[in-house]
Amino acid sequence: RKEVEQDPGPFNVPEGATVAFNCTYSNSASQSFFWYRQDCRKEPKLLMSVYSSGNEDGRFTAQLNRASQYISLLIRDSKLSDSATYLCVVNDQSSYKLIFGSGTRLLVRP
Amino acid sequence: GAVVSQHPSWVICKSGTSVKIECRSLDFQATTMFWYRQFPKQSLMLMATSNEGSKATYEQGVEKDKFLINHASLTLSTLTVTSAHPEDSSFYICSASRGELAEAFFGQGTRLTVV
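First to last, the protein sequences are chains A and B.
Our numbering numbers the first residue of the first sequence as 1 and each following residue consecutively.
Our numbering numbers the first residue of the second sequence as 111 and each following residue consecutively.
One chain only, chain B, in its complex shape (with noise of 0.2 Å):
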């Protein structure tokens, strides 16, 4: 089956600084890659939509300031987490799909901590 890989699968960072994550489908293109946040006992919250060569859309409540999208390529969409606090602690992920209707493949999350 498809494989979308995530890394890094967990990062601790000081409050104040950036994080990235790379999300990539390694065997199929992805014009459209999806990012993800998912707190404790919480569903998956659709953070942004990622397209390749334009900019991402990002779901109301969203800072696209401080949750920076960049897909450069058809196999690889990076979220970076941008002066990150405390709250930022999560667990983030990525999916990507074959087609419009067709069923993701995830990533297998990063678990970011900031302290």
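Isolated chain A, as found in the complex (with noise of 0.2 Å):
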């Protein structure tokens, strides 16, 4: 089993679309989560972090789920800047070393 598992891609939908992004992982002492932004051929960027009480950036929303060790990402009104794909990111506790899920390419068409 992978240690950060996402939803496979590409989800493609229109301009003003809600979308949702899943995530799990496997080690449950994790603890510190984050959603990165990739775009084609550039170095991920941190789109936001994720706390336990979930949190809100514009029409970005993340939630954690520690009991299930499950992260979303909601993207409302989606606009085609927001094609991309996107990671799931958990912080290793015992080596701080950052793990990545293989990602989820999302595509927003006119």
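If you are wondering where the hints come from, they were derived from the structure by calculation, not from laboratory data.
Owing to the predicted nature of the structure, the values given are computational and were not obtained by experimental measurement.
One or more hints might be untrue.
[As the list claims (entries may be wrong)] With a straight-line cut-off of 30 Å between C-alpha atoms, the simulated BS3-like cross-links for lysine-lysine are:
no.	chain 1	residue 1	chain 2	residue 2
1	B	Lys165	B	Lys130
2	B	Lys176	A	Lys79
3	A	Lys45	B	Lys151
4	B	Lys124	B	Lys174
5	A	Lys2	A	Lys42
6	A	Lys2	B	Lys151
7	A	Lys42	B	Lys124
8	B	Lys124	A	Lys79
9	B	Lys130	B	Lys174
10	A	Lys2	B	Lys124
11	A	Lys45	B	Lys176
12	B	Lys130	A	Lys79
13	B	Lys174	B	Lys151
14	B	Lys124	B	Lys176
15	A	Lys79	B	Lys174
[Said to hold, decoys possible] The calculated label-pair distances, taken between Cβ atoms and stated as ranges, are:
no.	chain 1	residue 1	chain 2	residue 2	range
16	A	Tyr51	B	Phe138	16 to 24 Å
17	B	Pro118	A	Asp77	21 to 29 Å
18	A	Pro10	B	Trp120	38 to 46 Å
19	A	Lys79	B	Trp120	41 to 49 Å
20	B	Ala182	A	Thr18	21 to 29 Å
21	A	Leu74	B	Ser193	45 to 53 Å
22	A	Leu80	B	Leu184	26 to 34 Å
23	B	Gln152	A	Leu80	18 to 26 Å
24	B	Gly209	A	Asp57	46 to 54 Å
[As the list claims (entries may be wrong)] Which chain A residues stay away from chain B? Per the calculated CB distances, all over 10 Å, these:
no.	residue
25	Asp7
26	Thr24
27	Phe60
28	Gln63
29	Ala67
30	Ser72
31	Gly101
32	Pro110
By construction, the Cβ of each residue, glycine as well, lies at the ideal position given by its N, Cα and C atoms.
Put the two chains together into one complex; each comes in its own frame, and the hints tell you how they fit.
Pasting the structure below:
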């Protein structure tokens, strides 16, 4: 089983749609969780950290369920510029390494 | 925000030569940096953890004699791909964090092509 698993992509949605990505992690001792965005042939960039209480940043909402070891990202009112690969990332407590999911590709069409 | 700078952004080299990639944390000190490799349409794969003042820790399957890592200061780590071959062609990215559980900031990446 992979340490971090994500929804298989790609997600192809029209502009203005709401889309949700899911992610599960295997290490119950993990403490830090993040969503990164990666554009084609570019480095990943932090989209948002994920907190236990859930957090929102504009059109983006992230939630963490520690009991189910599940992380989600919700994007409302999708824009063309949201097209990218979204990476679920978990910080391994014992080694402090970042463990990356394989990514979910989002395509927002006009 | 924190900035991590990576150089060069792309390089083409002949098979058998060595290539050095630099990763710098510009506005914070990083005792630990990470090196990743990413093949087309695949996720980032951690190659090694670079530790300031000590030996790097390599992931399983990564040859330490081929991918030399030096972390001589709190703001600089280097990755040298020795005796490069076409199969080493990839996107190499470094990252650094302010703290052990903090988010990581990535360098711009280096696209290596070995011909």
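Quick rundown of the hints versus the structure:
Proximity of lysine 165 of chain B to lysine 130 of chain B is assessed by CA-CA distance (about 17 Å); at most 30 Å being required, the pair is judged to hold. Straight-line distance between C-alpha atoms of lysine 176 of chain B and lysine 79 of chain A comes to about 43 Å, which puts the hinted pair past the 30 Å bound. Between lysine 45 of chain A and lysine 151 of chain B, the direct Cα distance comes to roughly 17 Å. Compliance with the 30 Å bound is thereby established for this hinted pair. A hinted pair counts as satisfied when its Cα atoms are at most 30 Å apart, and lysine 124 of chain B with lysine 174 of chain B qualifies at roughly 21 Å.
With a C-alpha separation of about 24 Å, the suggested pair lysine 2 of chain A and lysine 42 of chain A falls inside the 30 Å cut-off, and the hint holds. This hinted pair checks out: lysine 2 of chain A and lysine 151 of chain B have alpha carbons roughly 18 Å apart, not beyond 30 Å. At most 30 Å may separate the alpha-carbon atoms for a hinted pair to count; lysine 42 of chain A and lysine 124 of chain B meet this at roughly 24 Å. Restraint check for lysine 124 of chain B and lysine 79 of chain A: the C-alpha separation of about 42 Å exceeds 30 Å, so the hint is violated.
Restraint check: the Cα-Cα separation between lysine 130 of chain B and lysine 174 of chain B comes to about 14 Å, which is no more than 30 Å; the hinted pair holds. Proximity of lysine 2 of chain A to lysine 124 of chain B is assessed by CA-CA distance (about 36 Å); at most 30 Å being required, the pair is judged violated. Restraint check for lysine 45 of chain A and lysine 176 of chain B: satisfied, since their Cα atoms lie roughly 28 Å apart, inside the 30 Å limit. The hinted pair formed by lysine 130 of chain B and lysine 79 of chain A fails the criterion: a straight-line CA distance of about 39 Å is larger than 30 Å.
Of the supplied pair hints, the one linking lysine 174 of chain B and lysine 151 of chain B holds, its CA atoms being roughly 25 Å apart against a limit of 30 Å. For the proposed pair lysine 124 of chain B and lysine 176 of chain B, the alpha carbon gap of about 16 Å is at most 30 Å, so the pair holds. About 43 Å separates the Cα atoms of lysine 79 of chain A and lysine 174 of chain B, which puts this hinted pair outside 30 Å; it is violated. Evaluation of the 16 to 24 Å hint for tyrosine 51 of chain A and phenylalanine 138 of chain B yields a pass: the beta carbon distance comes to about 22 Å.
Proline 118 of chain B and aspartate 77 of chain A have their C-beta atoms about 39 Å apart, which leaves the hinted 21 to 29 Å range violated. Taken as a hint, the range 38 to 46 Å is violated for the pair proline 10 of chain A and tryptophan 120 of chain B, whose Cβ atoms sit roughly 26 Å apart. Restraint check, lysine 79 of chain A to tryptophan 120 of chain B: a C-beta distance of roughly 29 Å breaks the suggested window 41 to 49 Å. Range check, alanine 182 of chain B to threonine 18 of chain A: Cβ separation about 48 Å, and the 21 to 29 Å hint is violated.
The hint said 45 to 53 Å for the Cβ distance between leucine 74 of chain A and serine 193 of chain B, and at roughly 47 Å that hint holds. A C-beta distance of roughly 41 Å is found between leucine 80 of chain A and leucine 184 of chain B, which places it outside the suggested range of 26 to 34 Å. A beta carbon spacing of about 25 Å between glutamine 152 of chain B and leucine 80 of chain A agrees with the range 18 to 26 Å that was offered as a hint. Against the hinted window of 46 to 54 Å, the Cβ-Cβ separation of glycine 209 of chain B and aspartate 57 of chain A comes to about 21 Å, which falls outside the hint.
With a least CB separation of 13 Å from chain B, aspartate 7 of chain A remains clear of the 10 Å interface cut-off, as annotated. With a least beta-carbon separation of about 15 Å from chain B, threonine 24 of chain A lies farther than 10 Å from that chain, consistent with its non-interface assignment. In this structure phenylalanine 60 of chain A is separated from chain B by more than 10 Å, as the shortest Cβ-Cβ distance comes to about 15 Å. A cut-off of 10 Å between C-beta atoms confirms that glutamine 63 of chain A is not in contact with chain B; the least separation is 17 Å.
Residue placement check: alanine 67 of chain A keeps its beta carbon more than 10 Å from all beta carbons of chain B (closest about 20 Å). The beta carbon of serine 72 of chain A sits about 18 Å from the closest Cβ of chain B, which is more than 10 Å, so the claim that it is off the interface holds. Annotated as non-interface, glycine 101 of chain A brings its C-beta within 10 Å of a C-beta of chain B; the closest such distance is 7 Å. Listed as a non-interface residue, proline 110 of chain A keeps its Cβ farther than 10 Å from every Cβ of chain B; the least gap is roughly 24 Å.
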